[in-house]
Amino acid sequence: MDLRVPEQEKAFREEVRTFLEESLTPEIREAGKMVTSVFAPVKEAMAWQKILNDKGWAAPHWPKEHGGTGWSVTQRAIFAEELVRAETPPLVPMGLHMCGPCLIGCGTEEQQKEYLPKILNGEHFWCQGYSEPGSGSDLASLKTFAEKDGDDYIINGTKIWTTYAHYAKKMFALVRTNKDGKPQQGITFLLLDMDLPGISIEPIVGLDEVTEQCQVFFDNVRVPQSNRVGAENDGWTVAKYLLTFERGGQEYAPGLNVQLEKIRLMAEKQQTVHGPMSKDPVWQHKFASVEADVLALEFTEMRIKSALSSGKDPGALSSMTKILGTELLQKVTELRIETLGAQAAIWQPQALVPGNEQPVIGPEYAVTAMPHYLNSRACSIYGGSNEVQRGIIAKAVLGL
Amino acid sequence: MNFQLSEEQQMLADSAKRFVRDNHDVEKHRQNKKLMPLDEATWGQFAELGWLAVPFAEEHGGLGMGPLETMVLLQELGEGLIMAPYIATVVLGGGFLRHGSEAQQAETIPSLLEGGLQLAFAAEEYERVFTLENTAMKGEVQGGDVVLNGTKACVLNGDHADQLIVLARTAGQPGDKDGLSLFLVDANAEGVERTPHRTVDGRQGAEIRFSNVKVAEAARIGELNQAYDIAKSVLLEGLLALSAECTGSLTVLLNDTVEYSKTRKQFGLPIGKFQALQFRMADMFIAMEQTKSLLMAATMKLVEGHDDAAKAVHAMKAQLGRAGRKIGQEAIQIHGGMGMTDELNVGHFVKRLSAVDGVFGNADVHLMEIARSA
Chain A
1 MDLRVPEQEK
11 AFREEVRTFL
21 EESLTPEIRE
31 AGKMVTSVFA
41 PVKEAMAWQK
51 ILNDKGWAAP
61 HWPKEHGGTG
71 WSVTQRAIFA
81 EELVRAETPP
91 LVPMGLHMCG
101 PCLIGCGTEE
111 QQKEYLPKIL
121 NGEHFWCQGY
131 SEPGSGSDLA
141 SLKTFAEKDG
151 DDYIINGTKI
161 WTTYAHYAKK
171 MFALVRTNKD
181 GKPQQGITFL
191 LLDMDLPGIS
201 IEPIVGLDEV
211 TEQCQVFFDN
221 VRVPQSNRVG
231 AENDGWTVAK
241 YLLTFERGGQ
251 EYAPGLNVQL
261 EKIRLMAEKQ
271 QTVHGPMSKD
281 PVWQHKFASV
291 EADVLALEFT
301 EMRIKSALSS
311 GKDPGALSSM
321 TKILGTELLQ
331 KVTELRIETL
341 GAQAAIWQPQ
351 ALVPGNEQPV
361 IGPEYAVTAM
371 PHYLNSRACS
381 IYGGSNEVQR
391 GIIAKAVLGL
Chain B
1001 MNFQLSEEQQ
1011 MLADSAKRFV
1021 RDNHDVEKHR
1031 QNKKLMPLDE
1041 ATWGQFAELG
1051 WLAVPFAEEH
1061 GGLGMGPLET
1071 MVLLQELGEG
1081 LIMAPYIATV
1091 VLGGGFLRHG
1101 SEAQQAETIP
1111 SLLEGGLQLA
1121 FAAEEYERVF
1131 TLENTAMKGE
1141 VQGGDVVLNG
1151 TKACVLNGDH
1161 ADQLIVLART
1171 AGQPGDKDGL
1181 SLFLVDANAE
1191 GVERTPHRTV
1201 DGRQGAEIRF
1211 SNVKVAEAAR
1221 IGELNQAYDI
1231 AKSVLLEGLL
1241 ALSAECTGSL
1251 TVLLNDTVEY
1261 SKTRKQFGLP
1271 IGKFQALQFR
1281 MADMFIAMEQ
1291 TKSLLMAATM
1301 KLVEGHDDAA
1311 KAVHAMKAQL
1321 GRAGRKIGQE
1331 AIQIHGGMGM
1341 TDELNVGHFV
1351 KRLSAVDGVF
1361 GNADVHLMEI
1371 ARSA
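Quick mapping for you: the protein sequence lines, in order, are chains A and B. Quick note on numbering: the working numbering labels position 324 of the first sequence as 324, and the sequence is numbered without any gaps. Quick note on numbering: the working numbering labels position 157 of the second sequence as 1157, and the sequence is numbered without any gaps.
It should be emphasised that the hints constitute simulated quantities derived from the structure, not laboratory data. In this text the structure is predicted, and so the values were computed from the model without any measurement. Backbone N, C-alpha and C define an ideal beta-carbon position, used for all residues, glycine too. Check before you lean on any hint, since a few could be wrong.
[Stated by the list, open to error] Dumping the calculated DSS-like pairs for lysine-lysine here, alpha-carbon to alpha-carbon at most 30 Å:
hint, chain 1, residue 1, chain 2, residue 2
1, B, LYS1177, A, LYS269
2, A, LYS182, B, LYS1177
3, A, LYS395, A, LYS33
4, B, LYS1273, A, LYS182
5, B, LYS1214, A, LYS143
6, B, LYS1177, A, LYS395
7, A, LYS240, B, LYS1326
8, B, LYS1262, A, LYS179
9, B, LYS1177, A, LYS240
10, A, LYS269, B, LYS1028
[To be verified] Only part of the chain B face toward chain A is listed, based on derived beta-carbon distances under 10 Å:
hint, residue
11, LYS1017
12, GLU1133
13, ARG1325
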């Protein structure tokens, strides 16, 4: 056991850094610094994706034959870390990280040829139609119904928490095709165009006053059966394939470390009666407590990577990193508003819009703090709530 | 010992309850996506109902009541998230005017009681953790006058205010309790430049810059360099008022969450039937009750002049920050996606609590004040 970094990994990291240095435009950098959500402003995120795609680096996790890079697990991790360190805007995940992998695993050759290149180059902007008003944590209870009619399905129902549906060209959706038997067994995975007659979109304003989410309504929407991925009533398997594709899940520690460093710098600027806050033992104690948790998570994530590299399946451990990563992110955003005090209460969302020329009121570093704190409350709700994730650990790992 | 409301206090509570019932709705809050002018109509109603007169002495036309009545009133208003700048103008502003000269009082109180005067306490500064003695903004003594230079930050009601109560350092260094002075400054005086901004809770504040603003001796509140005690006593009342209002908000968050958990079904059951959530809602309830207890303790100790009154108020503000965080976060989590929207009550109350924790020192600051006051 050791932590030495092989020379070729160092060289790879240098290569990535040089590329980022040369190819990030000022607009993309600016947007990256102002991100207060896992979803970056669309225009800048897509511009960044285009640059990465031109280099062949838009989807390193995909198999090489479909446009991936063929990198090792470690190289992919280095790449992800460097993107986070350079504060690039996160790429919009619905195509690259959700729909793409499902098509790679379960799509027909025709579907792969049609959709994968357009996911990579950004021509198709995808949204995910999973959750419904009555089906959140209990996703398998979803009711949006697709009835067979000739060569088509006719869809009726509604989807909610559909991120960026108002920008999307395409949706991948889970719909019910059979009302009998186990709920998981009557679900079908469908691809559809967002401009079809009968689809209407209602944007939802969030706590941070940003419209990320939407509700989508289907009123007799006709979709050809050839848009189905996998077999009819077998959509649950297609959706679950995603979990095995990106085993180990997202890495949180690199981003958390970037945030912590920023908070440390903020604390140096805040004056207490005894000097800077960064020297105040109470603040130091709080900061150190989060720092220790992040260090532990960093190594938990490295253990998972190491298992993956040697071909082992980390299984339900991705539930653990989802819980730790999201809750530590929430803790970090909380630490930041607590470091800033009343300055964090100044509300100027217009200053977060890329390209705005609004003068900032108060310290510039405080602008993202409250919106990020509020937005990050969603992290423990989406992608399988943290209650659901704890349930998975209890059942699958502990055998309870 | 008697924890019952008097008849008079009960009437005040009842009238506030009715007001909230008739005037509160989330829709109003959702409109607050931009800087709003003062809601004159609501403020006029406050004046008519006699609420602006609560803490003023009868000889000034007030009702001669105090922090207990303010607590009763604001707890009720807090349940409706009423946005009127009552704390800035009546509790803090009015509190300072009680320490003002007769001339200052004659000039301001009658108009305040009629609803025609807005006040704001300009105390916070950028990149300075708030405590009164940490004030750095300079007031330079020139003969009988003082010249103010510097910036005050996050001044609640700062843009609506006609008069500002400005805390400045006229001697000594940040950290010294000596050397602080208070001034009543016309908000439109030459050299006062205000940049209004919204606050996260949909209210408004302002950054206020002072450039060579000359203030005459007659505008001072209290003695030169000796304003700490006045500022501290008024601040304690302000902290209690904020805490009372937010205790009302905690009640709504808990009730809404419990109700939601009874109607929202997943896996074939109302989610409130899951023990994992029941325990967390029980903890929310406990945190709320502890907050109510500290609110009563701090308010009664302050009114009766107990030695440990200040300590109790600091404990209250710390508890408010911590309970607000816990109850607010759990309320969102248990509401799921709906809790993240602008549509329900939940988000608006959470944002109010998040703003209030940061104002006039957050939980960490007040825990430290408890340690120092022991």
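Hints, verified against the model:
1. Of the pairs offered as hints, the one joining LYS1177 of chain B and LYS269 of chain A holds, with about 22 Å between alpha carbons and a cut-off of 30 Å not exceeded.
2. Our distance criterion of 30 Å between C-alpha atoms is broken by LYS182 of chain A and LYS1177 of chain B, whose separation comes to about 71 Å.
3. For a cut-off of 30 Å, the pair hint linking LYS395 of chain A to LYS33 of chain A is broken: about 40 Å separates their Cα positions.
4. Between LYS1273 of chain B and LYS182 of chain A, the direct Cα distance comes to roughly 23 Å. Compliance with the 30 Å bound is thereby established for this hinted pair.
5. Of the pairs offered as hints, the one joining LYS1214 of chain B and LYS143 of chain A is violated, with about 70 Å between alpha carbons and a cut-off of 30 Å exceeded.
6. A threshold of 30 Å between alpha carbons decides the hint, and for LYS1177 of chain B with LYS395 of chain A the separation of about 59 Å lies outside it, so the pair is violated.
7. Pair hint LYS240 of chain A plus LYS1326 of chain B does not hold up; C-alpha atoms about 34 Å apart against a cutoff of 30 Å.
8. Note on LYS1262 of chain B and LYS179 of chain A: the hinted pairing holds, with a Cα-Cα distance of about 26 Å set against a maximum of 30 Å.
9. Between LYS1177 of chain B and LYS240 of chain A, the direct Cα distance comes to roughly 64 Å. Violation of the 30 Å bound is thereby established for this hinted pair.
10. With a CA separation close to 38 Å, the supplied pair LYS269 of chain A and LYS1028 of chain B exceeds the 30 Å bound.
11. For LYS1017 of chain B, the interface hint is violated, the least distance from its beta-carbon to any beta-carbon of chain A being 28 Å, above 10 Å.
12. Checking GLU1133 of chain B against chain A by beta carbon gives a least distance of about 6 Å; that is within 10 Å, so the hint holds.
13. Checking ARG1325 of chain B against chain A by beta carbon gives a least distance of about 7 Å; that is within 10 Å, so the hint holds.
Taken one by one, the earlier hints fail for this structure at numbers 2, 3, 5, 6, 7, 9, 10, 11, listed in ascending order.
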